[in-house]
Amino acid sequence: DVKVTQSSRYLVKRTGEKVFLECVQDMDHENMFWYRQDPGLGLRLIYFSYDVKMKEKGDIPEGYSVSREKKERFSLILESASTNQTSMYLCASRTTGTTEAFFGQGTRLTVV
Amino acid sequence: GDSVTQMEGPVTLSEEAFLTINCTYTATGYPSLFWYVQYPGEGLQLLLKATKADDKGSNKGFEATYRKETTSFHLEKGSVQVSDSAVYFCALSNDYKLSFGAGTTVTVRA
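Chains A and B, in that order, give the protein sequences.
Residue numbering for the first sequence follows the numbering used here, starting at 1 and increasing by one per position.
Residue numbering for the second sequence follows the numbering used here, starting at 1001 and increasing by one per position.
Don't read these hints as lab results, they were simulated from the structure.
The beta-carbon is built from N, C-alpha and C at its ideal position, and this holds for glycine as well.
Label pairs and their calculated CB-CB ranges:
{"hint": "1", "chain 1": "B", "residue 1": "1029", "chain 2": "A", "residue 2": "95", "range": "12 to 22 Å"}
{"hint": "2", "chain 1": "A", "residue 1": "72", "chain 2": "B", "residue 2": "1051", "range": "21 to 31 Å"}
{"hint": "3", "chain 1": "A", "residue 1": "79", "chain 2": "B", "residue 2": "1109", "range": "39 to 49 Å"}
{"hint": "4", "chain 1": "B", "residue 1": "1058", "chain 2": "A", "residue 2": "88", "range": "28 to 38 Å"}
{"hint": "5", "chain 1": "A", "residue 1": "95", "chain 2": "B", "residue 2": "1067", "range": "22 to 32 Å"}
Taking beta-carbon pairs under 10 Å as the criterion, some of the chain A residues facing chain B (in silico):
{"hint": "6", "residue": "4"}
{"hint": "7", "residue": "30"}
{"hint": "8", "residue": "37"}
{"hint": "9", "residue": "45"}
{"hint": "10", "residue": "48"}
{"hint": "11", "residue": "54"}
{"hint": "12", "residue": "56"}
{"hint": "13", "residue": "90"}
{"hint": "14", "residue": "97"}
{"hint": "15", "residue": "99"}
{"hint": "16", "residue": "101"}
{"hint": "17", "residue": "103"}
Construct the entire structure; sequences and hints are all you get.
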């Protein structure tokens, strides 16, 4: 069974903290993605990576960075968390091309 | 850049009613198109896809046809069930990027 695992289901962090969200996939997929999901806004792409050590900005990269040192792991970093980054964060992976993307269960982050 | 616009919800239907969710897109080149579904309390999963113009994707009684001339990929189901209550997302894949619409919440009443 395919699996995309996000390290935490729920997180509460303080404003100004550096926050790491981890995502691991076990399917040897080249492409990995980070989205945030907010009511009425759907899924907005933050960053994606098409291969190890490669990264591209998505539609809303401000305030975020990413790291992909190994193929199976894609980390999202909030350099200095702010309350407007309170959201559900979703990680996804797929093989290059038009194939299905598989999603993790999501991390609900609250910044107080 | 690439973008997806889908019908705003929420949509409330009675069982056995006909469901249509509109989706249009803007993209360069020849994107692939998808519908994903998120059932309550679950993660997103692929419902159906189409990779080229005039392709029809189908699954679980849902269908969508890739219309290049109208840049659309509308989702339809002829007779919905309570178990179809979910959030539906239209998505587009171009090169390496995968972009989603805002989602449409569908509630089916018994």
